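Top to bottom, those sequences are chains E and U.
In terms of our numbering, the first sequence opens at residue 1 and continues consecutively.
In terms of our numbering, the second sequence opens at residue 1 and continues consecutively.
Bear in mind the hints are in silico, worked out from the structure with no lab data behind them.
From a predicted model like this one, the values you see are computed outputs, not experimental measurements.
Incorrect hints may appear among the rest.
Straight-line alpha carbon distances no greater than 30 Å define the calculated BS3-like cross-link-like pairs of lysine-lysine that follow [what the hints assert, rightly or not]:
| no. | chain 1 | residue 1 | chain 2 | residue 2 |
| --- | --- | --- | --- | --- |
| 1 | U | Lys57 | U | Lys94 |
| 2 | U | Lys57 | E | Lys94 |
| 3 | U | Lys94 | E | Lys94 |
If you want the footprint, here are the derived chain E segments under chain U, 3+ residues with CB under 8 Å [claimed, not checked]:
| no. | segment |
| --- | --- |
| 4 | 22-29 |
| 5 | 49-57 |
| 6 | 86-93 |
Take a look, some chain U residues computed to stay more than 12 Å from chain E by CB distance [stated by the list, open to error]:
| no. | residue |
| --- | --- |
| 7 | Ala17 |
| 8 | Ala38 |
| 9 | Leu51 |
| 10 | Glu55 |
| 11 | Lys57 |
Note that the Cβ used here is the ideal one computed from N, Cα and C, for glycine as well.
2 protein chains.
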Amino acid sequence: MSPKSFLGEFEQMVLLAILQQADEAFALEVRREIERSAERTVSRGAFYTTLDRLERKGFVRWTDAVSQDTRRSGPLRRFAVTRAGLVALRESRKAFDTLSRGLDRLLGETP
Amino acid sequence: MSPKSFLGEFEQMVLLAILQQADEAFALEVRREIERSAERTVSRGAFYTTLDRLERKGFVRWTDAVSQDTRRSGPLRRFAVTRAGLVALRESRKAFDTLSRGLDRLLGETP
DNA sequence: CTTATGCGTCTACAATGTATACACAGCAGT
DNA sequence: ACTGCTGTGTATACATTGTAGACGCATAAG
Numbered sequence: 001m002s003p004k005s006f007l008g009e010f011e012q013m014v015l016l017a018i019l020q021q022a023d024e025a026f027a028l029e030v031r032r033e034i035e036r037s038a039e040r041t042v043s044r045g046a047f048y049t050t051l052d053r054l055e056r057k058g059f060v061r062w063t064d065a066v067s068q069d070t071r072r073s074g075p076l077r078r079f080a081v082t083r084a085g086l087v088a089l090r091e092s093r094k095a096f097d098t099l100s101r102g103l104d105r106l107l108g109e110t111p
Numbered sequence: 001m002s003p004k005s006f007l008g009e010f011e012q013m014v015l016l017a018i019l020q021q022a023d024e025a026f027a028l029e030v031r032r033e034i035e036r037s038a039e040r041t042v043s044r045g046a047f048y049t050t051l052d053r054l055e056r057k058g059f060v061r062w063t064d065a066v067s068q069d070t071r072r073s074g075p076l077r078r079f080a081v082t083r084a085g086l087v088a089l090r091e092s093r094k095a096f097d098t099l100s101r102g103l104d105r106l107l108g109e110t111p
């Protein structure tokens, strides 16, 4: 009975960052959101590899926004978290909330 | 500028579970704490491997409690989170708190 | 003595995390 | 036009984590 759908640390961050961008989740903004919040860099490789894995799991999908931008040759992805992705995210966080009960003082929450 | 000290998902759970046990953090209780909270099983292998790695990083230490219990032959570990472990835990959670801002409705918090 | 439960170790493999190099395009500035 | 900078996405490879299972030893109960 392993975790139903394990979500890695970075995967969760990517999902959250996409949600923060609402409808306008383009690569640059999402990456910068993570870099700001986590105070670290996010290489393209790390970013896209993770996105690809999240898509395979059905947690993220993207639409090709190139139609709007005739100048580009290749695709331009606009990302979105799927319903399944949201559910997985909730479950991962539920466990943490439970494990963190009563430890607020130790952990210095950000209320 | 990768994350200073990356803490995996499961590593964080182990640290939290130890903290929950305060001074009496023995293997069985810690493992059961995780199993209850995360609704999943934790094999001995997964558990001890993670503990060993956390120790190498200086985030966990243990004392040999066998002296109290003359019956046992081998060691009996009593676990504790180090100060560095606590700091790492705080930092990991800070990033999440920031990324989760404003998403409370979407994520179904546990207040 | 057999079964059950608990402690800890070791080994191996799967899943995630992460960087780097490749390739192309647009926009300054000189 | 040529150069440099920024941006998009892909492919590849390797490091770190996650996780299970087998091995060995010990105690308690039936």
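Taking the hints in turn, this is what the structure says about them:
Restraint check for Lys57/U and Lys94/U: satisfied, since their Cα atoms lie roughly 20 Å apart, inside the 30 Å limit. Of the pairs offered as hints, the one joining Lys57/U and Lys94/E holds, with about 27 Å between alpha carbons and a cut-off of 30 Å not exceeded. A hinted pair counts as satisfied when its Cα atoms are at most 30 Å apart, and Lys94/U with Lys94/E qualifies at roughly 17 Å. Using a Cβ-Cβ cut-off of 8 Å, 0 residues of the segment 22-29 of chain E lie near chain U, which falls short of the minimum of three, so the contact claim is violated.
With 0 residues having a beta carbon nearer than 8 Å to a beta carbon of chain U, the segment 49-57 of chain E misses the requirement of three or more and the stated coverage is violated. Here's how the segment 86-93 of chain E fares: 5 of its residues keep a CB closer than 8 Å to some CB of chain U, so the rule of at least three is met and the hint holds. Its beta-carbon lying about 6 Å from the closest one in chain E, Ala17/U breaks the requirement of being farther than 12 Å from that chain. For Ala38/U, the shortest C-beta to C-beta distance to chain E comes to about 4 Å, within the 12 Å cut-off, and the non-interface label is violated.
In this structure Leu51/U is separated from chain E by more than 12 Å, as the shortest Cβ-Cβ distance comes to about 16 Å. Even its closest Cβ contact with chain E, about 20 Å, leaves Glu55/U beyond 12 Å, as expected for a residue assigned away from the interface. Lys57/U, annotated as away from the interface, keeps every beta carbon of chain E farther than 12 Å; the closest lies near 15 Å.
Figure legend: structure checked against the earlier numbered hints; hints not met, in rising order: 4, 5, 7, 8.
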